[in-house]
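Chains as they are written, first to last, in the numbering used here: chain A, 89 to 264; chain B, 606 to 900.
Accuracy of the hints is not assured; some may be wrong.
Sample of chain A residues facing chain B (criterion: CB under 10 Å; computed from the structure) [claimed, not checked]:
{"no.": "1", "residue": "Ser-129"}
{"no.": "2", "residue": "Leu-151"}
{"no.": "3", "residue": "Gly-152"}
{"no.": "4", "residue": "Ile-154"}
{"no.": "5", "residue": "Arg-190"}
{"no.": "6", "residue": "Ile-211"}
Hints in this document: simulated from the structure, not taken from any laboratory. These numbers come from a predicted model, not from an experiment. Backbone N, C-alpha and C define an ideal beta-carbon position, used for all residues, glycine too.
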Amino acid sequence: MVIRLSSDVDQRQVEFISLMLQKSVGGMHAEVCDQCGKCSSACPVSKEIEGFNPRQLIARVALGKIDELLADEAIWTCTTCLKCRERCPEEISPYDVILVLRNLAYRAGLNYPGVYDDFINGILERGFISEPQEVRARGGGRLSREALGLPGVNGPKDMAVFRGIVEKIIEAGKGN
Amino acid sequence: MTSLEYALFPGCVASVREFGYELAIRNVFKALDIKLRKVEDFSCCQPACLVHSIDYVKGLALTSRNLAVAEETGLPMLTLCSSCYGNLSRAKHLLDHNSDLKDEVNDLLAKAGRTYRGDVKIEHVVTVLHDESMLPILEKKISNPLSKLKAAPFYGCHIFMPAKYSKFDDPEFPHKLDDLIEITGAESLDYNEKTSCCIGCGSFFGEVSEEASVLLSEMIIGSAKEKGADCIVTTCPFCIMQLEIGQIKLREQGKDFGVPVIHYVDLLGLSMGFKPDELGFDLRRINMEPVVSRL
Ligand code: SF4
Ligand code: SF4
Ligand code: SF4
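With the hints as constraints, model all of the structure from the sequences given.
Given below as structure tokens:
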């Protein structure tokens, strides 16, 4: 499946990502989906959120409605639980298709949950999602790692190198 | 065969916020004579919801960086978080089966002077404790059987999905956590949502997912409580956080479940005679009385 976008996205980068994904996670052959719905019945999000449905999502991919999907916030609602992939009798993985769509939406400069940037920046700065916190104790007051006798968390020393690498792709995405 | 020493990979949730579990695992493993080495260079495991969603290959490189660090220690990795276990196993599987991808990732790792070779072993508390060689040891160490306690196992999702990456257990009918619960003397309950998903590590962004996560908490906790559960036992600090916060939100809506959610190391610790505060119970968001009163 080659994904084409109508916006002025770097098509080469997009093809690379789709190819990489196809190679690494096995075929995403939306055309063989027989719409049995096993993925949707396994999906925890479908149970609770109307309008989110991996079976339908695959149908939309098969119909080539990629542009429309990229702008749909549904692709960011999947919890990445992988149950759809586990259940699909045709070895289609709605989960992996969603990951590709997210990668593409990002490159197309479309909206994505802003919290992503905070988390990613946190990880690149400290190696973890945040600084170690002081946690409220049931008995009153706040407890730190040290107060519990746990060793400090200093984080990895080489994250700066990765900051360079990841920032480049963030810029590449935003430029489009 | 269980190793005598592991490189502890606590993951970010247990490192920066939910460190009661790090306390519990350290105390319990020490009592089991298994050493845990602290490794400064580990970072967050980089779940699929973060960098992977935005740049697949670089996300994978950040995950695999941890695998490379573990290989440098020469020790198997031990995680107490389902998602860490799932993410690390998935990265390993992808790299070990795609030499192009492995090269691509190694090019990025080389910038930090690291290489992923592929010989690291990834374990989770449950896989280590469920090992044949460990089961008789556990039986001997249990000095305070929890025969009054009814526990609902909650496997969560990332720990075994998809089965071909992690080989943790049968994803539809898992039994390892159930077995381990029974060893402590507690009763392991069967209920509908055993292998459900808490929407913790995935899409906890935005109103829609928040709403869904509260609804799922209600389903999971409600179904466990209906079967008479005194507590829910998980394999993941992130699931605990979700199910605790979910209960707090449900309480605000007038639905008070009051079901403590604990990690398996907590349960084992209690059965080995550890005091609740040696297991970080003081940091829990839900009143632990239903568990503590049955010790
Ligand atoms: S389970 Fe597979 S074949 Fe069935 S609807 Fe979902 S993607 Fe299609
Ligand atoms: S991975 Fe996403 S689409 Fe698939 S079952 Fe889980 S939440 Fe649903
Ligand atoms: S799975 Fe969750 S807790 Fe574990 S390191 Fe990753 S983000 Fe942190």
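Results for each hint:
Because the smallest distance between the Cβ of Ser-129/A and any Cβ of chain B comes to about 13 Å, over 10 Å, the interface hint for this residue is violated. For Leu-151/A, the suggested interface contact is broken, since its CB lies about 23 Å from the closest CB of chain B, more than 10 Å. The criterion of a C-beta within 10 Å of any C-beta in chain B is not met by Gly-152/A, whose closest approach is roughly 22 Å, and the hint is violated. Given the 10 Å rule on beta carbons, the hint for Ile-154/A is violated: about 17 Å separates it from the nearest Cβ of chain B.
The interface hint given for Arg-190/A holds, since its Cβ lies 4 Å from the closest Cβ of chain B, which is under the 10 Å cut-off. Using the Cβ-Cβ criterion of 10 Å, the hint placing Ile-211/A at the interface with chain B is satisfied: the shortest such distance is roughly 5 Å.
When the structure is compared with the earlier hints, violations turn up for hints 1, 2, 3 and 4 and for no others.
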